[in-house]
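Given next are the chains, with one letter for each unit.
Protein chains: 2
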Amino acid sequence: MEKPTPTYGSKQDFEKAVAEIQTKLGQDSISTDEDDLHQHGYSEWSSINADRLPLAIAYPQSTEEVSEIAKTCHRFRIPMNPYSGGSSLEANFAAAHGGVTIDFVFMNRIVSVHEDDMDVVVQPALQWMELNEKLQSTGLFFPVDPGPSAMIGGMVGTNCSGTNAVHYGTMKDWVINLTVVLADGRIVKTRRRPRKTSAGYNLTGLFIGSEGTLGLVTEVTLKLCPIPEYTRVGVVTFPDIGNAATAAMEVIRKGIQIQCIELMDEVQMNVVNRAGGTSRVWKESPTLFFKFSGTSGNVADSAKLAEEAIQPYADTFEFAKDDDEARKLWSARKESLWSMIALGNEGSSVWTTDVAVPISRLKDIIELSKKEMEDLNVFAGIIGHIGDGNFHGIILHDKNEPDERRRVEQCVHNMVRRALDMDGTCTGEHGIGIGKKDFLLQELGLDTVNVMRDIKLALDPRCLLNPGKIFN
Amino acid sequence: MEKPTPTYGSKQDFEKAVAEIQTKLGQDSISTDEDDLHQHGYSEWSSINADRLPLAIAYPQSTEEVSEIAKTCHRFRIPMNPYSGGSSLEANFAAAHGGVTIDFVFMNRIVSVHEDDMDVVVQPALQWMELNEKLQSTGLFFPVDPGPSAMIGGMVGTNCSGTNAVHYGTMKDWVINLTVVLADGRIVKTRRRPRKTSAGYNLTGLFIGSEGTLGLVTEVTLKLCPIPEYTRVGVVTFPDIGNAATAAMEVIRKGIQIQCIELMDEVQMNVVNRAGGTSRVWKESPTLFFKFSGTSGNVADSAKLAEEAIQPYADTFEFAKDDDEARKLWSARKESLWSMIALGNEGSSVWTTDVAVPISRLKDIIELSKKEMEDLNVFAGIIGHIGDGNFHGIILHDKNEPDERRRVEQCVHNMVRRALDMDGTCTGEHGIGIGKKDFLLQELGLDTVNVMRDIKLALDPRCLLNPGKIFN
Numbered sequence: 006m007e008k009p010t011p012t013y014g015s016k017q018d019f020e021k022a023v024a025e026i027q028t029k030l031g032q033d034s035i036s037t038d039e040d041d042l043h044q045h046g047y048s049e050w051s052s053i054n055a056d057r058l059p060l061a062i063a064y065p066q067s068t069e070e071v072s073e074i075a076k077t078c079h080r081f082r083i084p085m086n087p088y089s090g091g092s093s094l095e096a097n098f099a100a101a102h103g104g105v106t107i108d109f110v111f112m113n114r115i116v117s118v119h120e121d122d123m124d125v126v127v128q129p130a131l132q133w134m135e136l137n138e139k140l141q142s143t144g145l146f147f148p149v150d151p152g153p154s155a156m157i158g159g160m161v162g163t164n165c166s167g168t169n170a171v172h173y174g175t176m177k178d179w180v181i182n183l184t185v186v187l188a189d190g191r192i193v194k195t196r197r198r199p200r201k202t203s204a205g206y207n208l209t210g211l212f213i214g215s216e217g218t219l220g221l222v223t224e225v226t227l228k229l230c231p232i233p234e235y236t237r238v239g240v241v242t243f244p245d246i247g248n249a250a251t252a253a254m255e256v257i258r259k260g261i262q263i264q265c266i267e268l269m270d271e272v273q274m275n276v277v278n279r280a281g282g283t284s285r286v287w288k289e290s291p292t293l294f295f296k297f298s299g300t301s302g303n304v305a306d307s308a309k310l311a312e313e314a315i316q317p318y319a320d321t322f323e324f325a326k327d328d329d330e331a332r333k334l335w336s337a338r339k340e341s342l343w344s345m346i347a348l349g350n351e352g353s354s355v356w357t358t359d360v361a362v363p364i365s366r367l368k369d370i371i372e373l374s375k376k377e378m379e380d381l382n383v384f385a386g387i388i389g390h391i392g393d394g395n396f397h398g399i400i401l402h403d404k405n406e407p408d409e410r411r412r413v414e415q416c417v418h419n420m421v422r423r424a425l426d427m428d429g430t431c432t433g434e435h436g437i438g439i440g441k442k443d444f445l446l447q448e449l450g451l452d453t454v455n456v457m458r459d460i461k462l463a464l465d466p467r468c469l470l471n472p473g474k475i476f477n
Numbered sequence: 006m007e008k009p010t011p012t013y014g015s016k017q018d019f020e021k022a023v024a025e026i027q028t029k030l031g032q033d034s035i036s037t038d039e040d041d042l043h044q045h046g047y048s049e050w051s052s053i054n055a056d057r058l059p060l061a062i063a064y065p066q067s068t069e070e071v072s073e074i075a076k077t078c079h080r081f082r083i084p085m086n087p088y089s090g091g092s093s094l095e096a097n098f099a100a101a102h103g104g105v106t107i108d109f110v111f112m113n114r115i116v117s118v119h120e121d122d123m124d125v126v127v128q129p130a131l132q133w134m135e136l137n138e139k140l141q142s143t144g145l146f147f148p149v150d151p152g153p154s155a156m157i158g159g160m161v162g163t164n165c166s167g168t169n170a171v172h173y174g175t176m177k178d179w180v181i182n183l184t185v186v187l188a189d190g191r192i193v194k195t196r197r198r199p200r201k202t203s204a205g206y207n208l209t210g211l212f213i214g215s216e217g218t219l220g221l222v223t224e225v226t227l228k229l230c231p232i233p234e235y236t237r238v239g240v241v242t243f244p245d246i247g248n249a250a251t252a253a254m255e256v257i258r259k260g261i262q263i264q265c266i267e268l269m270d271e272v273q274m275n276v277v278n279r280a281g282g283t284s285r286v287w288k289e290s291p292t293l294f295f296k297f298s299g300t301s302g303n304v305a306d307s308a309k310l311a312e313e314a315i316q317p318y319a320d321t322f323e324f325a326k327d328d329d330e331a332r333k334l335w336s337a338r339k340e341s342l343w344s345m346i347a348l349g350n351e352g353s354s355v356w357t358t359d360v361a362v363p364i365s366r367l368k369d370i371i372e373l374s375k376k377e378m379e380d381l382n383v384f385a386g387i388i389g390h391i392g393d394g395n396f397h398g399i400i401l402h403d404k405n406e407p408d409e410r411r412r413v414e415q416c417v418h419n420m421v422r423r424a425l426d427m428d429g430t431c432t433g434e435h436g437i438g439i440g441k442k443d444f445l446l447q448e449l450g451l452d453t454v455n456v457m458r459d460i461k462l463a464l465d466p467r468c469l470l471n472p473g474k475i476f477n
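Chains as they are written, first to last, in our numbering: chain A, 6 to 477; chain B, 6 to 477.
Bound-form chain A, shown alone:
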């Protein structure tokens, strides 16, 4: 199939579109302020950035306003780039073809809570941590836990996950329905509110993970689940990372019920210690963090089984001494990317990559990748949602040193190619964005990517929605 070559509106078209949006939604509904453009078009923690910025930032306040923006952009052929938390790592929200970035910041409300149905309707710019704070009195929570600043809209876009995924699954498992504005401004709702359905194509599942290239998500109904009665956090250290990976595989293979199982290498444990948030000093060796949850009998059984499974591989096994230590430890894990960036030198850049493999291959890929990262001679560590076969390499480097940048790039590319060779994926949870388009093609082949492209062109024939992402 030929690569589509979309034609976008001219500078004049853009100016007319901005004027029309301002007429429809008010003067303040769209900004062309330089700082605003930079803030929405560039990210210091992204592995890559687009070589240009958006031309304007629109600030809709409702689904209907998003629809009006889309109708105008559609008429004048102006690209639309959706933006919520801005925490994604592969330039998923960058304005690769300029146009208007749509920031949902004013659409950050909980629309309704249905406690008895265990679901909640929210807008895209709600942070998942804020959602859980607000839900606390209901005894329910939303279990998908990516980086702390992530918002629901972007979480839908990348089909994100986090430490809870090994037990609770990923974003696609927690969305009941979506309200979506299509490229031409039509508003569709993918489902009503049953927790289970076989009615027609799974459009909800199609929009999730499509990185805003098929539609602009303006409302999301999320499943909730009861907060577990009892939680316990265990910390296990290992002589080397291979033993840690093997132990994790054993726990998964035995079906021991865990809420989380996270790998931190000795570099990451050093980061936790230096960040200092946990009020104690941890041993700086490869470590697994476990979270067990459920009833007390359940947690006791699972912890015992895990300890037995791990024992042949581990150095030390201890539990957090109380809820406060457990909470601080988990928060240190969640903040690790930002802690690491904070510890970098002036001018250093971070490259975070994310792959996943069938779990029997975890030990091999982690050992090989760890070795290669050590040889880089920069500040670099491995951290992983190891129960899903998913892990991240985080590499600090000076991107203004071309040789260093090239070696880091080589190391990341080798890691991804290794994952593909092992029948894995080039991204377990960060998405393709701009950064991994070539790898998607390697992973799935041209015919499969062409099926994606056919769907894209059917729903957005002018290629206006987040152009330049996932595939060309």
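It should be emphasised that the hints constitute simulated quantities derived from the structure, not laboratory data.
Possibly wrong hints are sitting among the right ones.
As the list claims (entries may be wrong) - Covered, in the sense of this in silico footprint (three residues per stretch, anywhere, with C-beta under 8 Å from a C-beta of chain A), are these stretches of chain B: (1) 28-37; (2) 204-214; (3) 241-249; (4) 253-266; (5) 408-420; (6) 425-436.
The model shown is predicted, which means the values in this text are computed figures rather than measured ones.
Don't be surprised by glycine CBs; every beta carbon is placed ideally from N, CA and C.
For this one, chain A is given, so just place chain B on it according to the hints.
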């Protein structure tokens, strides 16, 4: 959008296509035997049937042969209707526009088992129960459990589920990747084999539940999970169905860990007794069947919590006395549709319908539907995967009595409309097929169904794949 009006090949085109398939794949690869056509085009347990039969049945032996069949059918514009277990209930496999029915019966193998990765690669005509028998020695199983005769291909097609869904989820949660033959014969694979991915559009999830209208599934990689160490089955009777539904909601709302929670009304309990497979006589009143599983501590905690939650509503609470009784009881539940058909009069037809609602509305819809079914004065019962808000009405009637048929139809349609009024769905697990196309439109609206149609036309512009299903 205008309704597409596909033009199919003429009688001569059909004959050329059959000859070409025979040349390519051998004389026996395609049949036009009358009995064969009838067996593949009509189902006595379906709520509806097409008013015609397929013109031929093709029997491919490999993905490549399916691709060759598709290439020929594409060239001559012959409809292709995929067929595996033939147990679906809304004419999902009927040959609504004639053409060739593709029976996967010779593609019924386990291709490979990856024990350490906890996955298995299978062909579409493998029965899920046979799969589990063959996996037993690995300590792993595949938890999606629809009607016993269902096969993996059809299970993908309808995004089916079963009694385990409340704990383990539905088909879409257990498929890692699909090999699919597209309308024009191209072969695509939707993913490699990681258990988690964010790489591009979720094509796996799109093909699941598309009822063969987007592609012909020829190979499926399924996730597996460890067989629980310990299982216990509880049987609880209630004074009326409203109390049974309320008790079920309480258990779900409290997050008590159960593997299954199934509702049988007094009619279904009578069917279990009359079918006689459980070697004891059960009380014929509304009943919940529970399955608890996990470690022994886990099961003890959950059973105790469930008993406490249910106690205010129940008459009696007892556990199956041993594994054999538990197994027989579960098997009686799984066979209930067929047992009921077997107990019908000569010439009676069955209409099974399937809706799902947000769980807070379950009590209301079940009470109203039960009342209306009683007023029909025929042999009719309710059975439900009540933990998902999903239940079935099974109605035996004489379809040659126009008045009776009309009253049954009215009752079913009222049940579906009631589900939609409660923000539910017209089908929780059976799919749309021919039977529920109008309801899909009512449920989601024209714009949403048009998005499905746009996707269909992008992937199958000649409308050759299972035409006449899901939407017109």
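How the hints compare with the structure:
1. Interface restraint, the segment 28-37 of chain B with chain A: violated (0 residues with C-beta to C-beta distance below 8 Å; minimum three).
2. Interface restraint, the segment 204-214 of chain B with chain A: holds (9 residues with C-beta to C-beta distance below 8 Å; minimum three).
3. Given as covered by chain A, the segment 241-249 of chain B fails the check, having 0 residues with a CB less than 8 Å from a CB of that chain where 3 are the minimum.
4. Coverage of the segment 253-266 of chain B by chain A holds in this model, with 6 residues showing a Cβ closer than 8 Å to a Cβ of that chain against a need of three.
5. Judged by the Cβ-Cβ criterion of 8 Å, the segment 408-420 of chain B is not covered by chain A as claimed, because only 0 of its residues qualify and three are needed.
6. Counting residues of the segment 425-436 of chain B whose C-beta lies closer than 8 Å to any C-beta of chain A gives 10; at least three are required, and the coverage claim holds.
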